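Engineer: The lines below spell out each chain.
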Amino acid sequence: MAFLLKDLIKKQAPLASGHRMCAGCPAPVIVKQVLMSTDHPKVCTNATGCLEVATTIFPFTSWKVPWLHIAFENSAAAVSGVEAAYHGLANKGELPEDMKNAKFIAFGGDGGTYDIGIQALSGALERGHNMLYVCYDNEGYMNTGIQRSSATPIGANTTTTPVGSQSYGKREIRKDLLSIVVAHHIPYAATCAPHDWMDGMKKSQKAIETEGPAFLNYFSPCIPGWKIPADAWRKLSELAVKTCFWPLIEVENGKWSLTGESKRIADGKAEKVPAVEFMKNQGRFKHLFTQKKDDVLALIQADIDRSWDFYRKMAGY
Amino acid sequence: MSSGRFIAVDGADTAAFAMKQIDPDVVAAYPITPQTEIVMKFSEYVANGEVKTRYVTVESEHSAMSACVAAAAAGARAMTATAANGLALMWEILYIAASYRLPIIMGVANRALSGPINIHGDHSDAMGARDSGWVQLYSENNQEVYDNYIMALKIAEHKDVMLPVMVNQDGFITSHSVENVEPLTDEQVRDYIGKKPAHFKGLLTYGKPVTIGPLDLQDYYFEHKMQQHTAMQKVLPVIKEVQEDYFKKFNRKYEIIEKYKADDAEMVIVGMNSVMGTVKDLVDELREKGVKIGAIKPRVFRPFPKNEIADILKNFKAVAILDRADSFGSFAPLYAETLAAMYKFEKRPYIRSYIHGLGGRDTTMELLGTVANDLIKMKDSGEGHLSEAYLGVR
Numbered sequence: 000m001a002f003l004l005k006d007l008i009k010k011q012a013p014l015a016s017g018h019r020m021c022a023g024c025p026a027p028v029i030v031k032q033v034l035m036s037t038d039h040p041k042v043c044t045n046a047t048g049c050l051e052v053a054t055t056i057f058p059f060t061s062w063k064v065p066w067l068h069i070a071f072e073n074s075a076a077a078v079s080g081v082e083a084a085y086h087g088l089a090n091k092g093e094l095p096e097d098m099k100n101a102k103f104i105a106f107g108g109d110g111g112t113y114d115i116g117i118q119a120l121s122g123a124l125e126r127g128h129n130m131l132y133v134c135y136d137n138e139g140y141m142n143t144g145i146q147r148s149s150a151t152p153i154g155a156n157t158t159t160t161p162v163g164s165q166s167y168g169k170r171e172i173r174k175d176l177l178s179i180v181v182a183h184h185i186p187y188a189a190t191c192a193p194h195d196w197m198d199g200m201k202k203s204q205k206a207i208e209t210e211g212p213a214f215l216n217y218f219s220p221c222i223p224g225w226k227i228p229a230d231a232w233r234k235l236s237e238l239a240v241k242t243c244f245w246p247l248i249e250v251e252n253g254k255w256s257l258t259g260e261s262k263r264i265a266d267g268k269a270e271k272v273p274a275v276e277f278m279k280n281q282g283r284f285k286h287l288f289t290q291k292k293d294d295v296l297a298l299i300q301a302d303i304d305r306s307w308d309f310y311r312k313m314a315g316y
Numbered sequence: 000m001s002s003g004r005f006i007a008v009d010g011a012d013t014a015a016f017a018m019k020q021i022d023p024d025v026v027a028a029y030p031i032t033p034q035t036e037i038v039m040k041f042s043e044y045v046a047n048g049e050v051k052t053r054y055v056t057v058e059s060e061h062s063a064m065s066a067c068v069a070a071a072a073a074g075a076r077a078m079t080a081t082a083a084n085g086l087a088l089m090w091e092i093l094y095i096a097a098s099y100r101l102p103i104i105m106g107v108a109n110r111a112l113s114g115p116i117n118i119h120g121d122h123s124d125a126m127g128a129r130d131s132g133w134v135q136l137y138s139e140n141n142q143e144v145y146d147n148y149i150m151a152l153k154i155a156e157h158k159d160v161m162l163p164v165m166v167n168q169d170g171f172i173t174s175h176s177v178e179n180v181e182p183l184t185d186e187q188v189r190d191y192i193g194k195k196p197a198h199f200k201g202l203l204t205y206g207k208p209v210t211i212g213p214l215d216l217q218d219y220y221f222e223h224k225m226q227q228h229t230a231m232q233k234v235l236p237v238i239k240e241v242q243e244d245y246f247k248k249f250n251r252k253y254e255i256i257e258k259y260k261a262d263d264a265e266m267v268i269v270g271m272n273s274v275m276g277t278v279k280d281l282v283d284e285l286r287e288k289g290v291k292i293g294a295i296k297p298r299v300f301r302p303f304p305k306n307e308i309a310d311i312l313k314n315f316k317a318v319a320i321l322d323r324a325d326s327f328g329s330f331a332p333l334y335a336e337t338l339a340a341m342y343k344f345e346k347r348p349y350i351r352s353y354i355h356g357l358g359g360r361d362t363t364m365e366l367l368g369t370v371a372n373d374l375i376k377m378k379d380s381g382e383g384h385l386s387e388a389y390l391g392v393r
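Each protein sequence line maps, in turn, to chains A and B. Just so you know, numbering that gives the first Met the number 0 puts 222 at position 223 of the first sequence, and the rest follows in order with no gaps. Just so you know, numbering that gives the first Met the number 0 puts 3 at position 4 of the second sequence, and the rest follows in order with no gaps.
Calculated from the structure, these hints are not laboratory results. For clarity, every value in this text was computed on a predicted model and none was experimentally measured. Errors might be hidden in some of the hints.
To be verified - Covered by chain A, per the in silico footprint, the following chain B stretches (three or more residues, Cβ under 8 Å): (1) 87–101; (2) 377–391.
Claimed, not checked - Cut-off 30 Å, straight-line C-alpha distance, at most; resulting in silico cross-link-like pairs (DSSO-like, lysine-lysine): (3) A:K312 - A:K5; (4) A:K99 - B:K200; (5) B:K200 - A:K31; (6) B:K40 - A:K91.
Virtual Cβ for every residue (Gly too), placed ideally from N, Cα, C.
Given these sequences and hints, build the entire structure.
Structural biologist: The following block contains the structure:
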C-alpha cells in the first residue's frame, strides 16, 4: 500500500514533540514511520537508550501509545511478556474488546540489540511471539557518550576506540545482525533507511501485519556521535544506501530481495557510489582523511564490497 | 473449612499445584536445579489444558523476570520460579519489578550461590536479594509452601501493598521431599483469590495510554523510593490480616513469627525454613528432659518484623540465631537484623550467631544439640555472647 503525505499529516503522531532528543536526530522520525504505518492499537517496549531517556523524563512523556521500559538488554523479553499477557487475558475472556487487534512493538538501539540484548532478541524470535522488533542503529553507544558497539564500522573514532598514535579507531567489522535474525527463520526481516520513508513505512506495515516475529533494522545517523551537522541525517541516510554501506533489504519467509535504491544499483540502473562520499563529511572518520589513512579507507571499501556482494547473492543477483 | 483431602507431594510439586489452582495469566520461567520440578510439573498442567496460563519458555532467568514484569505491567497475573544463580541473574530486574509495584509471585527453591558451584540448599540466593524490595515469605515444610503461595497472591495484590512476593522453600530438603499436603479445593482457591482487583490496570488499556518505566531524575526518584518504603511498611499488617482471614476461612493458623514451646522457655533457637522442623524435634526431646527451650521461626524476612521479633526475644535468657547464609566480612543476615532490632531494649538476652548448612550440609539433631548445650551454658554465664559460630564446619 502506498502512503500519502496528505493523509499522514492528518493523523495524530504517536510521539509528541517537545521531547529532548538531539535536534536533527532521526530516531523520532523512525518511530513515527513505524507506528504510523498501521492503525492497529499498539503497545511499545523500549530498551534503555537515547530514545527512552529523552522521551520520558518524569513527569513528562511523549508517547501517545502504551509504552514500557524495563532495562537495557530486555526490550525483546519485555515485548514477549506483554504479548503473553495479551494471550493469557484472551484465554480467560479478560482482554478489553478494543485491544483485540493490538500489535506489539519493541524498540532498541544497536547497543541494546546487537550487543547486550541479543540473547533476549534471539529468544523472543525463536519463541515466535507475534511482535515486531525495531533496532534503530546509530552505530554506537551514543547515549553513554559515543562508545563502540558491534555495530560500529571499521575506522570510526569512538571514546572506547579513540584515534591515537597506535590506533586508527575501531578495527573490527560490523556484526551482520540481519543475517543472525534471518537465521531464526522468522517470517519477516528488513533493513530501512529513514530518508526513504515510503520504503520504511511499507516495510513497517508488512512487519506489523505479519503473524509471528518480525524485525526491522533502521539506519539512524547520530548528530553528536558521528560529529555531523544537525541537518545531515537525510543526506547521510541517502549516501549510506547509495554507497551500499547500508543496503535496503527485505527477507520474507526466507526469500531475500533488495528494495529502493539498492535494487536499482543491483539492477544496474544506478551507480554504486564510492564509500568515501559517505565518510568524508563525518567527524568520526575525519582522521582517516587528515592523516591520509588510505589503507584504512581501502579496508572499509573492501568490507562494503564484501557485504554488498553477499547481500546481492542472497537476493539472487 | 479445609478440604480434608491429602496429597503426597514434594515441595516443588506443591508449588506447581498451588500455581495450577491460582491459574495465573502468564508464567515465564527458565529451568534451574532444584526449581526444575516446579516448571516441569507446571508445563504438564499447560500441556493438558488444566490451566489457561500463557506459558513463556524464556531463554534465561533475566528474560523470565523481564517477561513477568512486562506481563504484570500489562495487567496480567504473572508468576515464575527460580533458584540460586537464576535468582542472581534476575537481580537487576527484581528491583525494577518492586519499584514498578507489580504483584508478581515467584517461588524460590533456595540454593547455594556459586562458586564453587553447588546445587543444594542454603539461603545465599534469597539473602542476596533481600534489599530488592520484594516481600519474602519462608516455608518450613510442604504444607507451608502451599499455604504461602495462596496467601502470597492476596498479600501482593492488596491495594496498600502492590509489591512482588517471593515464596522461599529449601532446595532439595523441601523441594524434593515428599510429604502429606492438604490443599484447598480448586473452587476454594478460585473464590479466595477472586478476580484481579480494580487497581490492576496496565498497558492493555485502550484510549488511555500509560508510560511505565520513565527516566526519573534527582527531582522525583527519591520520592518514588520513599513510596516504596511506605508500601513496605504496610505489608506486615496486611500479612496479619491475610493470615487471620485464611485461618477463619480454612482453619489454618499462621503467624508472622511462629513460636514453638516458647511461652515458658528460657532459651530459644531462631531460624527459617526447613531447619526449624529439626529444631522443633530437638525442642521436644529436650523438653522431656526438663530443659526450658523453645523455637522461634520468622516466616517473613522482608519486611523484617523487627518490633515483633524484638518483643518476642526480649524475655529469654539466651538466644541462638541460625543463618543459612553468610555475609562475608559482616554479621549473618538474620543475626544482624535481630541484633539491630534488640538494641532498643536496655536489658537484652545473651545472643549468639550460628551459620549452618551452607551448600546443603545437613544440620542434624546432633549439631543442633551442641547449640542447645551452648545455650544452656550461655544463659547463666554469658559465655559465647555475641560470638559467631560455624555449625559443623571442619
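Engineer: Going through the earlier hints one by one, which of them does the structure break, listed in rising order?
Structural biologist: Of the numbered hints given earlier, those the structure breaks are 2, 3, listed in rising order.
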